[in-house]
Every structure is written in C-alpha cells, then in structure tokens.
Amino acid sequence: MSVTYIDAIHEAQDHLLRDNSSVFIYGQDVASFGGAFKATKGLSEKYPGRVLDSPISEDAMIGLAVGAAIEGCRPIIEMQFADFSSVAFNQIVNQAATHYYRTGVPIPITVRLPSGGTAGSGPFHSQSMEGIYAQYPGTIVVTPATVADAYHMLVDSVALDDPVIFCEHKFLYRWLKADSIRGEHLPIGQASIIRPGKHATVVAYSAMVHEAVRAADRLKEDGWEIEVVDLRTVKPIDMDTVLASVARTGRLLAVGEAFPWGGVTAEVISRVVAEGFHLLDAAPQRLNSRDTPVPYHPKLWAAHRPTPESICEALRKLLSF
Amino acid sequence: MPTVPILMPQLGESIAEATIIRLGVAVGDIVKTDQDMIEVETNKAIMSVTTLCDGVVSEIRAQEGTSYAVGSVLGLLDVTEEEVARTGVDTMEATDSTPSESPPCVDKETNLHFAVDDADTYTEAPTVVPSVKGLPVPTGTLGAHYISPRMRARMDDLGIREADISAIAGTGAGGRVTVKDLEKFLDYLESWPSVKASPMRMAVADAMRRSWTRPLATVGIPARIDNLLEHRSSQEPKPGLTLYLLRAFAVAISENLTSAGYLIGDKVVHPRSLDIGVAVQVEDGVVVPVVRQLDKKSVSELIHEYADLVNRTRDRRITEQDCSGGIATVTNFGTFGLTLGTPIPLPNETLILGIGAGVKKPVWSEQTQTFLPATMADLCLTFDHRVVDGGGAGILLSRVAELLQSPESL
Amino acid sequence: MQPTESSQANDQATQNKASQPSWATSENEFLCSVFHSMLQARILENKLSSLYKAGKIVGGVYLGKGQEAVSASLGASLIRDVDYFAPLIRDQAGRTAFGEDLLDCTRTYLGSAQGPMRGRDGNIHRGRPTEGMPAMISHLGAQLSVLAGMLFAKRLQGSLEGRVGATCIGDGATSTGAFHEGLNMAAVEKLPLVVVVANNQFAYSTPNSRQFACNDLIERARGYGIGGFSVDGTDLLSCASVITEAVRRARSGKGPQMVVAHLLRLSGHGEHDDGSYVPDHVRAGHYGRDCIEIAMRQLVEMGAATPEQIMGWQESIAADVQRAVAQAQQEAGPDPYREDWSALSTQFPLPIRAQATTQPQDAIEPTTPFA
Numbered sequence: 000m001s002v003t004y005i006d007a008i009h010e011a012q013d014h015l016l017r018d019n020s021s022v023f024i025y026g027q028d029v030a031s032f033g034g035a036f037k038a039t040k041g042l043s044e045k046y047p048g049r050v051l052d053s054p055i056s057e058d059a060m061i062g063l064a065v066g067a068a069i070e071g072c073r074p075i076i077e078m079q080f081a082d083f084s085s086v087a088f089n090q091i092v093n094q095a096a097t098h099y100y101r102t103g104v105p106i107p108i109t110v111r112l113p114s115g116g117t118a119g120s121g122p123f124h125s126q127s128m129e130g131i132y133a134q135y136p137g138t139i140v141v142t143p144a145t146v147a148d149a150y151h152m153l154v155d156s157v158a159l160d161d162p163v164i165f166c167e168h169k170f171l172y173r174w175l176k177a178d179s180i181r182g183e184h185l186p187i188g189q190a191s192i193i194r195p196g197k198h199a200t201v202v203a204y205s206a207m208v209h210e211a212v213r214a215a216d217r218l219k220e221d222g223w224e225i226e227v228v229d230l231r232t233v234k235p236i237d238m239d240t241v242l243a244s245v246a247r248t249g250r251l252l253a254v255g256e257a258f259p260w261g262g263v264t265a266e267v268i269s270r271v272v273a274e275g276f277h278l279l280d281a282a283p284q285r286l287n288s289r290d291t292p293v294p295y296h297p298k299l300w301a302a303h304r305p306t307p308e309s310i311c312e313a314l315r316k317l318l319s320f
Numbered sequence: 000m001p002t003v004p005i006l007m008p009q010l011g012e013s014i015a016e017a018t019i020i021r022l023g024v025a026v027g028d029i030v031k032t033d034q035d036m037i038e039v040e041t042n043k044a045i046m047s048v049t050t051l052c053d054g055v056v057s058e059i060r061a062q063e064g065t066s067y068a069v070g071s072v073l074g075l076l077d078v079t080e081e082e083v084a085r086t087g088v089d090t091m092e093a094t095d096s097t098p099s100e101s102p103p104c105v106d107k108e109t110n111l112h113f114a115v116d117d118a119d120t121y122t123e124a125p126t127v128v129p130s131v132k133g134l135p136v137p138t139g140t141l142g143a144h145y146i147s148p149r150m151r152a153r154m155d156d157l158g159i160r161e162a163d164i165s166a167i168a169g170t171g172a173g174g175r176v177t178v179k180d181l182e183k184f185l186d187y188l189e190s191w192p193s194v195k196a197s198p199m200r201m202a203v204a205d206a207m208r209r210s211w212t213r214p215l216a217t218v219g220i221p222a223r224i225d226n227l228l229e230h231r232s233s234q235e236p237k238p239g240l241t242l243y244l245l246r247a248f249a250v251a252i253s254e255n256l257t258s259a260g261y262l263i264g265d266k267v268v269h270p271r272s273l274d275i276g277v278a279v280q281v282e283d284g285v286v287v288p289v290v291r292q293l294d295k296k297s298v299s300e301l302i303h304e305y306a307d308l309v310n311r312t313r314d315r316r317i318t319e320q321d322c323s324g325g326i327a328t329v330t331n332f333g334t335f336g337l338t339l340g341t342p343i344p345l346p347n348e349t350l351i352l353g354i355g356a357g358v359k360k361p362v363w364s365e366q367t368q369t370f371l372p373a374t375m376a377d378l379c380l381t382f383d384h385r386v387v388d389g390g391g392a393g394i395l396l397s398r399v400a401e402l403l404q405s406p407e408s409l
Numbered sequence: 000m001q002p003t004e005s006s007q008a009n010d011q012a013t014q015n016k017a018s019q020p021s022w023a024t025s026e027n028e029f030l031c032s033v034f035h036s037m038l039q040a041r042i043l044e045n046k047l048s049s050l051y052k053a054g055k056i057v058g059g060v061y062l063g064k065g066q067e068a069v070s071a072s073l074g075a076s077l078i079r080d081v082d083y084f085a086p087l088i089r090d091q092a093g094r095t096a097f098g099e100d101l102l103d104c105t106r107t108y109l110g111s112a113q114g115p116m117r118g119r120d121g122n123i124h125r126g127r128p129t130e131g132m133p134a135m136i137s138h139l140g141a142q143l144s145v146l147a148g149m150l151f152a153k154r155l156q157g158s159l160e161g162r163v164g165a166t167c168i169g170d171g172a173t174s175t176g177a178f179h180e181g182l183n184m185a186a187v188e189k190l191p192l193v194v195v196v197a198n199n200q201f202a203y204s205t206p207n208s209r210q211f212a213c214n215d216l217i218e219r220a221r222g223y224g225i226g227g228f229s230v231d232g233t234d235l236l237s238c239a240s241v242i243t244e245a246v247r248r249a250r251s252g253k254g255p256q257m258v259v260a261h262l263l264r265l266s267g268h269g270e271h272d273d274g275s276y277v278p279d280h281v282r283a284g285h286y287g288r289d290c291i292e293i294a295m296r297q298l299v300e301m302g303a304a305t306p307e308q309i310m311g312w313q314e315s316i317a318a319d320v321q322r323a324v325a326q327a328q329q330e331a332g333p334d335p336y337r338e339d340w341s342a343l344s345t346q347f348p349l350p351i352r353a354q355a356t357t358q359p360q361d362a363i364e365p366t367t368p369f370a
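Residue numbers (numbering that gives the first Met the number 0), protein chains in the order written: chain X, 0 to 320; chain W, 0 to 409; chain H, 0 to 370.
In case anyone wonders, no lab produced these hints; they're calculated from the structure.
This one's a predicted model, so the numbers in the text were calculated from it and none came from an experiment.
Errors might be hidden in some of the hints.
[Unchecked claim] Okay, derived cross-link-like pairs now, PhoX-like style, lysine-lysine, Cα gap no bigger than 25 Å in a straight line:
| no. | chain 1 | residue 1 | chain 2 | residue 2 |
| --- | --- | --- | --- | --- |
| 1 | X | K37 | X | K176 |
| 2 | W | K31 | W | K183 |
| 3 | X | K45 | H | K189 |
| 4 | W | K195 | W | K179 |
| 5 | X | K219 | X | K197 |
| 6 | X | K219 | X | K176 |
| 7 | W | K237 | W | K296 |
| 8 | X | K219 | W | K179 |
| 9 | W | K183 | W | K195 |
| 10 | H | K189 | H | K253 |
| 11 | W | K183 | X | K197 |
| 12 | X | K197 | W | K179 |
[As the list claims (entries may be wrong)] Label pairs and their in silico Cβ distance ranges:
| no. | chain 1 | residue 1 | chain 2 | residue 2 | range |
| --- | --- | --- | --- | --- | --- |
| 13 | X | D28 | H | S341 | 49 to 59 Å |
| 14 | X | A282 | W | V358 | 31 to 41 Å |
| 15 | X | P54 | H | D100 | 48 to 58 Å |
| 16 | H | A331 | W | G64 | 12 to 22 Å |
| 17 | H | S341 | X | A282 | 29 to 39 Å |
| 18 | H | A331 | W | V69 | 38 to 48 Å |
| 19 | H | F211 | X | I192 | 54 to 64 Å |
| 20 | H | S341 | W | A68 | 33 to 43 Å |
| 21 | W | D186 | X | K298 | 50 to 60 Å |
[What the hints assert, rightly or not] Some chain X residues near chain H, calculated using beta-carbon distances under 8 Å:
| no. | residue |
| --- | --- |
| 22 | V65 |
| 23 | V104 |
| 24 | L185 |
Just so you know, even glycine gets a beta-carbon here, dropped at the ideal spot from N, CA and C.
Here chain X stands alone, though its shape is the one from the complex (with noise of 0.2 Å):
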C-alpha cells in the first residue's frame, strides 16, 4: 500500500480536525466538493461546520483566519492555487505577519499554497511565492519535498503560533509516493541531508530536491558524488546544515522553481558566501527558473524551470572550477 503527497496533506488535516477542536479549514471549494485537488474530500461531512466553502475572496479569507486565530482559532486556509494568494498579499504580509511583533498576540494561521508548475498549468496556476512570503519578518515558510513531510510539517504547521506558509508542490501531489509516513521527522526550521556526497553541494526544496536527486544519480555514473540538502523550511533557513555540507564538499548550487530574482537560493548564497567563504572552492551557484512568466506550453514549462538536465550542466560547469 503506498501514500501519495496529497493523500499525506488530507491525512494530516484530517487529523488535526480529529484532534484539535480549534482547527477548522476555509477556502474555496472545499467543503462538499474536497477541493481542487481532493485535499479536504470528505472532511466537511466528517467534521460538520469546520470546514467550509469560502467566497472567492483571497483577502478576506485570510482577514477571517487572523481574526479567528485571535480568538483561539488555529485556521488552515486553502488558496486554490499559490498564484492566487498575491490578492490576500496584504492580509499575509502586512496583518498576519506583523501582529505578533506589534501587539505580542501570534497569529497561529496555516496558508496551504499549492505551488509551482505542471504542464499547462499556464503563468497563473504554477508560481512559486515561497520567496515573496519569506522576505516578510513574521512569518515561517516551509516547503515539505517528501509524502512524510507534507504530512508532519503540516501537523507541526498547524501546532505553531506563528503564520505558517505552507508551499506545497502541484506536482508532487499524486506523483510522490511512499509506503509509509510513520517514524521519526525533523522539526520545521530544520533542512535534510537528503542524499549524501563529497564533491558539491545542491542545496533545493520542494519538488527541486527530486531533480536535484535525478541529476546526482546521472552524475553519478561520471564518478561524482553530489550532496543534496532539502531546506524543508525557507524560513528560517537551516544554515547550520547547509554550511556542514558545504564544508564537506567546498562547492554550492541552490536550485529552485521561484524566479530568478532574489528569492530563497539568492539568500541561501548570500549566506554561504557571508558566514563559510573560507569554504568554498569555486564561486557559488545558483539555478532557478527563467525570468518570464510562467509558459502554458509543455514544451516551453519543460524549458522554464530547472531540470535534471539543466542541473547536471550547472553541477558540471560548478565541478570544472
């Protein structure tokens, strides 16, 4: 029997309905319905009045959600897809996230953001906004790659105080299978050594840990042994795990789907470069995808973000330095 990524999200929410009377799930489309992606199927008739049909109002949802979380609420709110969470970019950034720090009450919110590309998805239904979010004091941005993770962190998500970004991969959902989630799992804020090595170091999240990890096994055959770290949280980035790989192997790639400019691998460099110079063997390097909008074509999507192909050129150009 295997679980897949989604089935790990629907499970966790499940859950945390079962086991936490505060929690209730708000969005669009996802009380009778189960939402777009069947994350929530099933769950309005097993937790009647707690999981309930939003208007399309992205704004307001999250507005709702800070309010209810004032109250003792600890509200999990579907955007449908992470694109359109830039309406509600306000209520997140500006309310969610400075409430702690201006009035010492946390906002223990969870925003599921289904994130990044598939084909056709076209330039409103495949962006990455982990870094957008990230760039704002208050909030934790966790981007979980494996089926275990969308599960915990999700779990963990939902039990901070704080406003929880919570970017999970469109992709991944039915692709990421596991046969079990059980066990042991790293807190949020901590990244994992996904894949050990001793030559360079890709430091990815979310579904780029999979390319990463597909590009490290062709690399493989050429003698080569790449590091793969999963950041799991962007913030706060695990530093300490990325600067210990890195001083194994002297050499950094930071790979995401976000574009190209700033953003989590931009930051990931930055302070590699800052607190591990004297580590490093050749300049750091960074891949993300190109600096236009989304393409609806396959073909063009195909060519849009990092692949394992495009990773492997990088890993070789940052191994012949």
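Start from chain X and add chains W and H according to the hints.
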C-alpha cells in the same frame, strides 16, 4: 597561599609569541621581585621574563625550545598574602575568572571551521568543460595561480604561504592547487627529515617574501679600495670597512633623497634622517641594526657607536628599537669571501648596497702606461625599480665609489 | 428613544423602532455617557495636536474632530468583554466609550515602552486584540474580515450568541477590495458585524464625487443583502438611536448591518494637513456644524445635564488628560539594545520531535479513493 602566574609578556608591538630559550629557575627556587627568570627569543631579540614579586616557584609549565603565545602561563609562583598586597599582582585566582588563554570559540555548532575529505580519493574527473558565463575556469601556469577561499583558509590553518606551495603542480581546473593537492604534498613531505624553523628564520623569510613582491633590480660597479685600506690601517682604533661604506652611502643619498624614497600609492616618502642599517650575520639569520644620522658624523666619530652596535647584535642584546627606522641597508658579503651578490632590500626600504671581497687585480695606468696592481672590490646596489631607475642607481653607485677614493673626507 | 427626523433609516430599519440598550439605566444616562466620551476625545485630541505641534509626538496625529457623535455612539453601544470593536483612525471617542484607558492613547502617541504597542507601532494603530479591540493596520478595509474572523471563531466555539463586532470606516475605505471582500464574506457567513461608514466627504483630499458613483453609500447595503441605515452624524440623538438600533439588530441575529453617517471632517486628514481643499460653503453647510456643540445644547434642552455639570466634566477630563500625558512622557521609551528584534513567537531551532501531538495512526491508510 595565593598563586601568581608567570606570563609570557608582550615583547614588542607586533609580537604574538616567543620561544623559550632557557629556563633560569626551577620548582622550589626562591625568586625576588624583578629577577630574570626565563629567557625568551622573539623574532629579533632575546629577552628575559622577570618576576613581579617575591615568591617560590611552584610549577613550571613552559618547556625550552617551545613557543608560547603572549599571555600564556609559563609557570606559577607561590606568593604570600602580604606580598600580593604589597605588589598588587594579579593572582591566579583573580586571572582565572577572566578568559586568559584562547578566546572562547563562537557557537560550537556554527563554528564548522574546516573540513577536509577523508582518505577517499577522487575518482577520475570527467573532462573539464569550457568556460561558462559567470564562472570562468581559471587558466594560467600550473601551480598556485588561483587560490580559492577554501584553499586560503586551509593554508592559513597550517601557516602556509603562497610561496611555500610553489613546488606543487596542481590537479585542479586550470592546474590550480587544490586542498587535496596540498594535503597530499604535506603527507609526502612527512617522510623527509625536517626541523622547526626558528623565529629568526621565520622573520627573515617573512621580510624577504614581502620584499620580493616588488620589481627589484641590481646594478654593479668595481671600486678601487687601496686608499680605503691605507686610511683604515693608519687609524687607531681601526674603523671597519663597512663603516666607510655606510658613510659614503649616506653622503651619496643625502645629495639626492628621492633615490631612497619609499613609494606608497602616488606618493614618494623621503627619508627623515639618514639612518642606515647594517646587515649582521647571526646564528640562523640576519639582523639589521641601524646606525643613526650618518650624514652628520664622520667615520672617526662613529667608530665606538658602530662597534658597540655590532657587538650587541652578535650577542643578541639589541632591542627592536635598535633595528627600526632605517632607510637603506649596507651589507658586506665580502667578509664571506664573496665577490658578487644581489642582496634584497628590507621590505620597508628601497635600497641595499653590497660590497664584495677585495681582490688584487691589474689595473691599467694611463700615467705609467702599464698594468699596476690594485685592490678592487665590486659594489652592487639593489633597488626598487618603481622608485629608482638604472641611471639613477648608476649615479648613486658611482658616487659611492668616488667617495671611497677619499676616505679621509669620510 | 425615538429616531429623530434627521435619521433616514432605509426600509429594513424603519420596521424596527430604535430602543435604548438594556444596560443603560436610563436614556439620559446613556446619552450623557456618550457625550462624556465625545468630550473626552475632543479634549484629548486637542492635547495631542498641541503635543504634535510642540514636537513631542513624532509621526502623525489623526483626529476625529466632527466624528465624535458617530464614533462614541458606536463605542457606547458595545459591551466590553463581550463585543469586538475595531476602531479606525478617527475613533478616539469610540475607543473611550468602549473603555480604552487614556494611558493606552498617550503612551502609544508618546512612545512609552509601557504602552500596548511598546514603541513598535504608534498613534492610532494601537489595540488590545485579546481584549476585543484589534489593532488596525493602515490598509483600509482590512479590519472588516478580521472582525468577521473573530465572530466566526466564536460561532465555531459555540459562544457567538449575543455578541457583535463593529468597526467604523471612512467613505474612502468603501472603495477598497478589502471592504467589499470583508463585507460580502460577513454577509455570506451571516455574522453580527456592524460597519459604520463615517462619510466625512473627503478621503484625505479626494471628494465623494471622485470616490463613488452611487447617490448614497447606503445603497450598497442592499447589494450585500444586509441591513442599512443612514444618519446625520452631527446629531447625537440621531446617532445614538440609529447606531444602537443597528447594533441591536446585529446582536439579535439579523446579520451584518451598515450605517452611513453623514458629516464633515472638521480637521485635516492629519495634523500635518490644514484641509484647505474643503470649500467654504461646505464648511458653512449643515454638516459643517460641530457635533459637540449640538449635543451639549440637546442635553441641556432635554434636561439630561446642566451647563454647570458639563463645565465640571470638562475640567475633570482636562485634568485626567494632563495626568495621562504627564505619566506617558515620564516613562522610558523602548531600548533598541534590549529589544528582542523577533517577529516570531516561535523560538528556533525547535527540538526534534516537534510539539505536535497528532501522529499518523496506522501506516496511514488513505481514506480517500484517489491514488
């Protein structure tokens, strides 16, 4: 009874450590205030560590031949309460409360410092792909051409300079030396006999390495020194040959101060006083004490001052101050029987004047139309070519040779 | 209390006569308490203005001059510790009526570290979110959905009964998407939310004609499917009766209520602004009159208070305000060296085996048919 530490003192501004030459006290010895106890050698001099108070040596932690950082505890004294009160010394109990040894490391977990691959070897590297935008493969001659931050950190770790690794042909891209190459080379050297370089050797090495970063050139000229030798033997006491040279060099420089100028940025700094150093060979190195105001005193006036300075240098009893402030150096390598040399100026000086051994040679005399015997010595001048040109150096050197012809005026 | 002639309740509202709130022992007493809050707000704000002009307050000072009758009526209609009030920038009177301590105001304006915002936010951005008064952000309309969320939480917790949430916004805020999203959502959720729109005719300098194209903002209530009231904001008696009624209707489960109060801002947008763009004929018009003077006359005429009594209130309020200002001024500001500079309540790194109690049961059997 209170315990008072014997600490490695700060023996000069730039000194970070010193080597124990001789332990003058042993456990159980009674020591008096201001007594010399331990002899230590810094880069340039031998000095003594003294006590701050009366007491009894209760422990010696230092070993002869070992270097200790400034502030290290070399030993302990048992001191009476009364004596502590009288002298106001810090007791071990008092100093222990403040971190005295090494500063506490930064957060242990984040202080990753440096990690080197284990014994595993790289498998055969794939062919190097051509340069790409933003990440050019470094090219150049094999060896230490490009040093990565990681390589630099490892070298700093080991106290290794760029010049030290010139022997390594790198295996990295473009022939650069990798950390791996360095470690391999060091492993290889492990099987060779070696000794620890003395502080003196390290000081000379450092000075020469720094000086060598400049474009240095050497010019030479033969000088007849019969008059000089004659004049010298007529004096009592006899001045050293080098002293004449010092004087002549000072007079020549005083006529064109720019020739001894020091270039920094777009400025040439002129000498403030014609103080010229003299290279004195000591065990395992060279020390350069400085003779002061050479333009204002004659050779005969300088004899005693010069002799004292040289003697103190040979006895290693000079201070850092005796060696500072020089604007040029004179070296008499002729004393080793050498006739030719290309000496290297100190890194803070532009000029060094050398003189080879005097040799009897036939010299053509226009007067008698015959070859006559003469004592000739080659003068050579090494200069920083950024400041002085060949012509200027030639004029300066010719002037020195000329001045040596009339030693009585020196 | 009867609705006065100047209140133009729409068809829904006219079916219900306004009534005095049950917690006021008498109509006169209620009106006097509203007026007392108006007076305190006016005296306090005059003081803030003078502190600003003396260089004691940095940032901005935003006054509710001319809006006191509306704001205080709303604040006084709410029950502390039961209801929620999300004041905006011209709600000093409402804050006072709702029960905000004078010191919260002076400490925040003067940057005392002991104020509710501890120097991290200033002036009118103050609030006590866990005491029913969320702290506004500058983005207009944003508090509507937050209030909706607070009420939503109470419904989920089974304790919504008898509670209302209220906010007071300006004519300019009605143009934002957040206003629409928030009010529509509250209507969909049928939450007891009261939105008082103080139409003071200018959003900063922009007149109503450039803000909306409907005849009267109250027309929007029908579009949202909520109760709507219109009232003369310069008239205490009208405000008290209409707003109290709107709050009562919300409290009794009739869903969101919207009150549009017509008035004129009697100051600039902030004290840095002289409001010179307001035409003289508008200032001289009906809404240019001062609600405090009207209210004073009304109270005296109806025998609720004597001029001497009012004089006494003024004196004691002035003394209270001076005390609160003096205390806040003497208190230390925040210390940048002691500030913890953390925007998160969570301390990282978190221990392994996080705080979550929920664990997958079996090997986690997918309970849904998809795969």
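**OP:** Determine which of the earlier numbered hints do not hold for this structure and return their numbers in increasing order.
**Re:** Structure breaks hints 2, 13, 14, 15, 16.
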